[in-house]
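Chemist: Single-letter residue listing:
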Amino acid sequence: MSTPTTTTSTPGRWERFRDSYVWYSFKRDRTAQLCLAIFLCMVVAAFASPLIAPTDPYDLRQIDILDSELPPFWIDGADDRYMLGTDAQGRDLWSIVLYGTRVSLLIGFGAVILQALIGVTFGLMAGYLGGKTDAILMRLADIQLSFSTLMVAIVVGAVVKATLGSAFYSQYAVIMLILIIGLAEWPQYARTVRASVLAERSKEYVDAARVMGLRSKRIMFRHVLPNTLSPIFVISTVQIANAIISEAALSFLGLGMPETHPSLGSLIKAGFDYIQSGSWWITLIPGAVLVVLVLSINLLGDWLRDVMNPRLYKG
Amino acid sequence: MALLEVSQLDVRFALRQGEVRALRDVSFTLDRGERLGIVGESGAGKSVAAFSLLNLISRPGFIAGGRIVFDGQTLNTLSERKLRKVRGNRISMIFQDPMMTLNPVLSIGEQMVECLKAHRRISSKAARAIALDKLRQVQIPSPEKRLDQYPHELSGGMRQRIIIAIALLLDPDIIIADEPTTALDVTIQAEIMALLLDLCEQHNVGLILITHDLGVVSQVTQRMLVMYAGRVIEQGPTREIINDPQHPYTQGLLNALPQMATPGEKLNQIRGSMPSLAKLPSGCAFHPRCDFMTRQSGEPRAACIEQVPGFVGTGSCRVACHMVAEMLEDRRLKEETP
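Chains A and B, in that order, are what the protein sequence lines are. Quick note on our numbering: the first sequence kicks off at 1 and runs consecutively. Quick note on our numbering: the second sequence kicks off at 1001 and runs consecutively.
Hints were generated in silico from the structure; no laboratory data involved. These figures come from a predicted structure and were not determined experimentally. Just so you know, even glycine gets a beta-carbon here, dropped at the ideal spot from N, CA and C. Please note that the accuracy of each hint is not assured.
Some chain B residues well away from chain A (every beta-carbon gap over 12 Å; in silico) [to be verified]:
(1) Ser1058
(2) Arg1090
(3) Gln1096
(4) Asn1103
(5) Glu1201
(6) Ser1218
(7) Gln1219
(8) Arg1271
(9) Met1327
Some chain A residues close to chain B (C-beta under 7 Å, calculated; not the full set) [to be verified]:
(10) Tyr205
(11) Arg210
(12) Met212
(13) Gly213
(14) Leu214
(15) Pro226
(16) Asn227
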């Protein structure tokens, strides 16, 4: 190029990130660091469970019913092979909690991705196109919100079990739960996105994009959507925590994962029957894992909300 | 035939209180490479006129009548798809506030490439090369660097240069500039205006300049329209109107310029303020503020209250005013009966 070279090169993505307020605030927030560390550990451990877990709880040949209800290592009578003890069927609790966390996280993330896909698209369309589209989509959201997640789950579960059999249902339980929780909660996204699209829409850059002759679809997804990302991030953390809790609740009620492929919720439920007989660890350990997981996600979400919303800057 | 011909343009807003007519009977033409100024107070309908040229009036506004013919195409009846090919490509627009018109989350380069790609089938690399060339034309220092920067990293003047570069990106026939310098500070205003004028002359681009700055209009444009309450009240060659304004409103505007005031005294002003479009006075919309409504003899002119004035020609200017019409009539009668 003929023009003189510039002395300061434009910073790359990594430099931009290191200079950003997000990183600055993260470096100073102990809670956020701790929560992210715990959350990442749990995610890595859960998805690496086939490598980490000493036994495969899905493999019936590795289970011995005589090993059932063994206590964790700090209690007398513990077995060296089972660090956290065993459940009523003799499965290693450490292994099954790892596998269960994986199922819970899978459903949590899957459901939130589905919610976000539906909710963001509908919210963008409602906010940007306005008029009849807005009215129809938002009434749909209202209708959806008037059914609770539990009710949707019961109805869908009942219909699927009745038509395709319960064997089919338990085989595809993960997908069914993702669908149920995803469909039940999309209006949260739609409403949040619509509200910020309405605010963005009146800004001049949207007019400028129209003047440039860009298509509505392109303006919506490439120009308006990136400007509404911060609220989307913030509610995503809340929604992931909610989805994991919803899944646990459904499983606890017997509407979710079968006991052969348990999630944290079904583990809690399975152990609940033995709490009276003294084997409290079967229900308490997965319960504690669930609480820590949800708490760390929620605290991360709180931090993210403070960072993303400059109006909440604490002086 | 003129490149752009607007005739009898009528734009209305359907509001809860009823229909408000934002533009009435607006007609003008623009030749290739010609520069036209549209002047008026806030709320006179200047920006609405600009937006309706590209059929971009959004609800609750709509074009109720009239024709906008651009290069043989009637824009107000064109399909959305064909309109998109005109927008940005053949007619582009520059907005008032450079802080708001660039998308904050996309880099300058991305925004320019996107605009090019929307209208031409070219590779990103070729598009970047064109973008760089346009950035050079608007005299931005170190243009290569700007392509990867985000709007918040640039100053207001630089952003407006970038917006001009984007407007020029596809070598349009017409640029509509809606108060392009109002949001900038005075020293930069002059620079940006000079740049815009220079580029329009270089590339033979027509310019529709919307402003309330009569100084800018007189320097940049060849012809001008003066608008009041949604109507054109005076139009003609800029120099003639500035030197010898006919309409009482135009006279008032020119008198209100600070350089017209006697030093040490209050600035001149037009008394009252522009009426709301929803409650326009009858007859000539300017009559409640007009000093010439009563004749020199002292009797009021009824036509001003009762009748909407039509255009009368004075030289190459056209004025919508009963007073001017009467004056011309008197002159004609005098000439006929010596």
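Chemist: For each hint, tell me whether it holds in the structure or not.
Modeler: Checked hints:
The Cβ of Ser1058(B) sits about 9 Å from the closest Cβ of chain A, inside the 12 Å cut-off, so the non-interface label is violated. With 12 Å as the threshold on Cβ separation, the claim that Arg1090(B) sits away from chain A is violated: the shortest Cβ distance comes to roughly 9 Å. Non-interface status of Gln1096(B) relative to chain A is broken: a Cβ of that chain comes within 12 Å, the nearest being about 8 Å off. Its closest Cβ contact with chain A, about 5 Å, brings Asn1103(B) to no more than 12 Å, contrary to its assignment away from the interface.
Every beta carbon of chain A lies more than 12 Å from that of Glu1201(B), the smallest distance being close to 23 Å; the non-interface claim holds. Once the 12 Å rule is applied to beta carbons, Ser1218(B) is consistent with being away from chain A; the minimum gap is 27 Å. With a cut of 12 Å on Cβ distances, Gln1219(B) stays outside the contact zone with chain A, its closest approach being about 25 Å. Residue-level check passed: Arg1271(B) sits 34 Å from the nearest beta carbon of chain A, beyond 12 Å.
At roughly 42 Å, the least C-beta separation between Met1327(B) and chain A is larger than 12 Å, which holds for a residue marked as non-interface. For Tyr205(A), the shortest C-beta to C-beta distance to chain B is roughly 5 Å, which falls under 7 Å, so the interface hint holds. Hint on Arg210(A) holds. Least Cβ distance to chain B is approximately 6 Å, under the 7 Å limit. Here the hint on Met212(A) is kept, as its CB sits about 4 Å from the closest CB of chain B, short of 7 Å.
Hint on Gly213(A) holds. Least Cβ distance to chain B is approximately 4 Å, under the 7 Å limit. For Leu214(A), the shortest C-beta to C-beta distance to chain B is roughly 5 Å, which falls under 7 Å, so the interface hint holds. With a least beta-carbon distance of about 4 Å to chain B, the hint placing Pro226(A) at the interface is held under the 7 Å criterion. Evaluation of the Asn227(A) hint against chain B yields a held restraint, the C-beta minimum of about 6 Å falling below 7 Å.
Comparing the model with each earlier hint shows violations of hints 1, 2, 3 and 4; every other hint is respected.
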